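S.K.: Could you build the full structure based on these sequences and the hints that come with them?
Residue numbers (my numbering), protein chains in the order written: chain A, 13 to 197; chain B, 123 to 259.
Please keep in mind that the hints were generated in silico from the structure rather than gathered at the bench.
Don't take each hint at face value.
Claimed, not checked - DSSO-like cross-link-like pairs, simulated, lysine-lysine; straight-line CA separation at most 27 Å:
1) B:Lys148 <-> B:Lys191
2) B:Lys223 <-> B:Lys250
3) A:Lys30 <-> A:Lys54
4) B:Lys191 <-> B:Lys141
5) B:Lys223 <-> A:Lys30
6) B:Lys221 <-> B:Lys196
7) B:Lys233 <-> B:Lys250
8) B:Lys141 <-> A:Lys189
9) A:Lys105 <-> A:Lys30
10) B:Lys141 <-> B:Lys196
11) B:Lys228 <-> A:Lys80
12) A:Lys30 <-> B:Lys228
13) A:Lys105 <-> A:Lys80
14) B:Lys223 <-> A:Lys80
15) A:Lys105 <-> A:Lys54
Stated by the list, open to error - Here are some, though not all, of the chain B residues that point toward chain A, as calculated from beta-carbon distances under 8 Å:
16) Lys135
17) Leu140
18) Lys141
19) Arg144
None of the values given here were measured: they were computed from a predicted structure.
Glycine residues also receive a C-beta, built at the ideal position from the N, C-alpha and C atoms.
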Amino acid sequence: MMPEISLNVLDVAENSTKAGAGLVEITVDVSVPGNRLTIIIKDNGCGMSSETLSHVTDPFFTTRTTRKVGLGVPFFKEAAEDTGGSFDIRSEKNVGTTVTAVFVLDNIDRMPLGDMCQTMHDLIVYHPDTDFLYTYRYNDASFTLDTREFREILDNVPFDTPEISNYIMDYLRENTKETDGGAVI
Amino acid sequence: MICRRTDEGEKMKTLEELKAIRDRMKNQIELRDDNNEGRIRVQVGMATCGIASGARPVLNKFAELVQQKDLTNKILVTQTGCIGLCQYEPIVEVLEPGKPKVTYVKMTPEKAEEVFEQHLVRGQAIGKYTLATQDIK
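M.R.: Below you can see the structure in the form of structure tokens.
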């Protein structure tokens with residue numbers, strides 16, 4: 013198992029970039045009154061056939077050739093379902109894939125959300141050819157980061173330039189704090 | 123975007139600020155791109171097995187050190203997938219032009235610091251952390 017939810021997001025979003033997605037939309041929605049933490053990872057990658065889709069939550073299924081197990085999606089599913097939440101994955105060939113994991117916020121088995129800023133930062137900086145749209149919602153407050161907007165301003169200055177990489181991290185940290193007031197989730 | 127203020131009274135990151143950084147970086151980027159081929163590659167395994175065993179802090183430690191010591195035009199820190207040796211994760215491969223690949227296993231941020239200082243800066247691979255020292259069955 014992963015020690016925190018943000019690592020599941022890092023891992024599962026990797027599948028989206030591998031699927032050749034041009035845009036990956038990641039939403040983290042915390043609702044304290046609703047007692048839910050919802051994570052949505054939506055991509056416009058190559059998608060899966062219904063046959064493949066029916067196997068992805070099986071730990072003994074993978075398209076890799078380096079090993080015989082594929083634990084990324086099963087870990088994420090189990091982490092959500094262990095809290096009494098739910099997990100859903102939908103995919104259409106040549107359209108994309110959407111993964112939705114719902115966690116019951118106050119369940120004792122819910123692992124911490126962890127460092128989502130680090131997850132988003134690493135996804136953006138290490139996947140320079142993929143765009144990310146990140147939405148973080150905490151009750152009624154929210155912020156978004158859209159790398160397409162950054163890309164337009166940057167005019168070919170890469171995301172992994174130290175100054176840009178630091179800017180992205182600060183942008184995420186400051187806006188997250190502004191949105192949730194520093195809540196520990 | 124409007125400048126907002128955080129609790130500490132610091133200015134929020136604005137897109138204006140990003141424009142200013144871009145203008146400062148423009149010239150330097152071209153210099154770096156010319157130099158891309160000769161760079162040392164540090165590849166951190168970031169598949170499920172790597173991430174679950176703690177690859178993220180290792181990746182970030184390397185990136186932080188390379189940045190701190192201003193070595194981004196000499197060393198490229200990057201991610202890679204699973205190479206099928208999940209039990210030895212976190213795995214870090216160092217690829218230096220003209221030299222055999224060095225594979226470090228069961229890495230931690232502390233070991234990453236040592237590898238950075240001794241191998242990446244001073245050119246001496248740390249044998250005791252490599253795959254070659256493991257008793258592979």
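S.K.: Now look at each hint and say whether the structure bears it out.
M.R.: Now for the hints, and whether the structure bears them out:
1. B:Lys148 <-> B:Lys191: Cα-Cα ~21 Å, so holds.
2. B:Lys223 <-> B:Lys250: holds (15 Å)
3. A:Lys30 <-> A:Lys54: holds (13 Å)
4. B:Lys191 <-> B:Lys141: Given that 27 Å is the threshold and the Cα spacing comes to 25 Å, the pair holds.
5. B:Lys223 <-> A:Lys30: Holds, at about 25 Å.
6. B:Lys221 <-> B:Lys196: holds (15 Å)
7. B:Lys233 <-> B:Lys250: holds (11 Å)
8. B:Lys141 <-> A:Lys189: holds (23 Å)
9. A:Lys105 <-> A:Lys30: holds (14 Å)
10. B:Lys141 <-> B:Lys196: holds (26 Å)
11. B:Lys228 <-> A:Lys80: holds (21 Å)
12. A:Lys30 <-> B:Lys228: Answer holds: A:Lys30 to B:Lys228 is near 25 Å, not above 27 Å.
13. A:Lys105 <-> A:Lys80: Answer holds: A:Lys105 to A:Lys80 is near 24 Å, not above 27 Å.
14. B:Lys223 <-> A:Lys80: Holds. B:Lys223 to A:Lys80 sits at ~25 Å (cutoff 27 Å).
15. A:Lys105 <-> A:Lys54: holds (14 Å)
16. Lys135: holds (4 Å)
17. Leu140: holds (5 Å)
18. Lys141: At about 6 Å, which falls below the 8 Å cut-off, the nearest Cβ of chain A leaves the hint on B:Lys141 intact, so it holds.
19. Arg144: Because about 5 Å separates B:Arg144 from the closest Cβ in chain A, which is inside the 8 Å limit, the hint holds.
The structure shown violates none of the earlier numbered hints.
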